[in-house]
Amino acid sequence: MAATDPRAAAFDHNDHAMRARCAEAYAELREACPVFHSDAWGGFWVASRHEDVYEVGRDVERFASAPGVMLPPVGHGRPLLPMEADPPEHPEYRRLLLPRFAPNAVAGMEGDVRALARGLVESIADRGEADLYETLCKPLPMLLITSLLGVERDEAFWAWTDALIYGRVDGTPQAAIMAAADSLYAFLAEQVADRRAHPGRDDLISLLLAGDVEGRPYREDEILDLCFFLLIAGLENTAFGIRATLRHLAVEPSVRSAVLADPSLVHNLVEQSLRLYSPVTALCRTATRDTEVNGQPISAGERVLLLFGSANRDPAVFPDADEFHLDRRDGRHVAFGIGPHRCVGSNLARLEMRVAVEETLRLIPDFELAPGPDPGWYAAGRLDIVWDVSGGAE
Amino acid sequence: MRVEVDRTACVGHAQCLAICPAVFASDELGYAVVVGDGTVPPEHEDDAQEAADSCPEQAIGVSR
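Listed in order, the protein sequences are those of chains E and G. For the first sequence, this note's numbering assigns the number 1 to the initial residue and increments by one for each residue that follows. For the second sequence, this note's numbering assigns the number 1 to the initial residue and increments by one for each residue that follows.
Simulated from the structure, these hints should not be mistaken for laboratory data. Being a predicted model, the structure only gives us computed values, none of them experimental. Don't take every hint at face value.
Chain G is faced by these chain E residues, among others (derived, beta-carbon under 10 Å) [unchecked claim]:
1. R58
2. P88
3. R94
4. R95
5. G200
6. T286
7. F324
8. L326
9. R329
10. R332
11. G337
12. V344
13. N347
Glycine is no exception: its CB is placed at the ideal position from the N, C-alpha and C atoms.
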């Protein structure tokens with residue numbers, strides 16, 4: 001495939017048909033045209049090899065995020081903070097959030113996460129069939145992030161978030177996307193006002209009120225943008241990751257048996273799932289000046305897509321990269337991104353994925369996909385499974 | 001075996017703490033520091049190497 005190949009020109013990382021056969025699609029791109037141009041979404045360059053994703057992701061001087069990293073953008077006219085910020089603001093936003101999502105802080109949340117997951121699994125354990133996406137994958141991150149933000153759980157969040165995340169690629173009218181964003185911002189503005197009236201709480205919104213950028217307190221719009229993205233960032237992506245991992249266990253009984261026999265393997269299970277079924281397939285940067293990536297000239301102002309899903313299957317870094325290796329951690333995967341913008345909540349996402357698996361296997365150790373076509377890992381949506389409940393409890 | 005963290009490269013992903021908390025800790029801002037003088041107890045060498053290999057910024061130096 002040459003850089004002018006029509007398959008490259010038509011490349012769209014959001015295309016489910018492409019993602020369903022991404023092992024082959026990504027391999028072709030990495031080998032034949034590692035940095036190529038797509039005409040989709042107004043045109044952008046794509047970095048498909050691990051080394052190039054690594055280089056671009058870490059160089060925040062040459063490649064900016066403030067112009068927007070979502071392709072296509074959410075289109076609600078506000079930045080997703082801290083993801084869509086550059087220095088000097090960006091490290092200042094992170095400085096506030098990092099301690100709250102550090103491994104030791106997240107470890108302290110395990111009991112709460114497990115209680116939530118256990119309750120969700122217990123509610124279906126005697127049914128013998130369930131859609132795990134609606135009963136576990138979606139509600140667990142929602143219950144958790146609303147708890148961290150100190151807001152009441154509200155089913156309207158999902159409608160708003162679905163419109164914002166999926167609406168931009170599935171043809172939802174722009175007016176509906178804007179309405180969802182407006183509703184969410186209005187809700188958050190009420191919450192911020194409440195925290196100002198009642199200071200001293202321990203939730204994330206209260207934390208943001210104390211933030212500053214080099215001594216300047218956060219503006220109201222910064223607080224709202226940070227709240228907005230803290231709320232939505234961990235919902236769909238975490239649900240996707242939990243779903244892909246549970247689906248893998250449903251279709252690979254040998255993997256499920258191995259994890260049941262040696263529960264410590266759940267860590268590798270989560271890492272391999274993240275690597276092969278990366279919830280965030282790609283994010284983009286914008287060149288701040290004329291430059292090049294792996295010999296390909298890039299002009300100032302052009303966008304470069306970091307194809308995390310392909311970098312995570314790059315055999316230059318991961319031997320037998322398209323295989324699920326339960327005996328490997330493969331810690332250099334970039335499922336959470338790379339560089340200063342790498343996901344702040346990665347430790348929490350991992351915890352949710354691990355605990356969701358553990359609590360599922362505890363009560364439903366033997367399950368398989370419900371009859372019918374395999375729903376696949378690459379699209380959010382139903383994950384119908386069945387299991388035997390005739391044996392009685394021991 | 002000794003490890004050191006390049007403070008100019010660390011951006012606080014804290015993966016080293018998650019993998020090998022016996023050798024790595026975080027400062028008050030969430031950036032990685034080594035415990036003690038960076039000498040790795042023999043029983044933690046595998047985990048310390050794994051932490052270095054897994055650092056997203058490749059900010060951990062290992063010497064033997």
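Now for the hints, and whether the structure bears them out:
| no. | hint | result |
| --- | --- | --- |
| 1 | R58 | holds, 7 Å |
| 2 | P88 | violated, 14 Å |
| 3 | R94 | holds, 7 Å |
| 4 | R95 | holds, 6 Å |
| 5 | G200 | violated, 21 Å |
| 6 | T286 | violated, 20 Å |
| 7 | F324 | violated, 18 Å |
| 8 | L326 | violated, 16 Å |
| 9 | R329 | holds, 7 Å |
| 10 | R332 | holds, 6 Å |
| 11 | G337 | holds, 8 Å |
| 12 | V344 | holds, 9 Å |
| 13 | N347 | holds, 6 Å |
Hints 2, 5, 6, 7, 8 from the list above are not met by this structure, while the remaining hints are.
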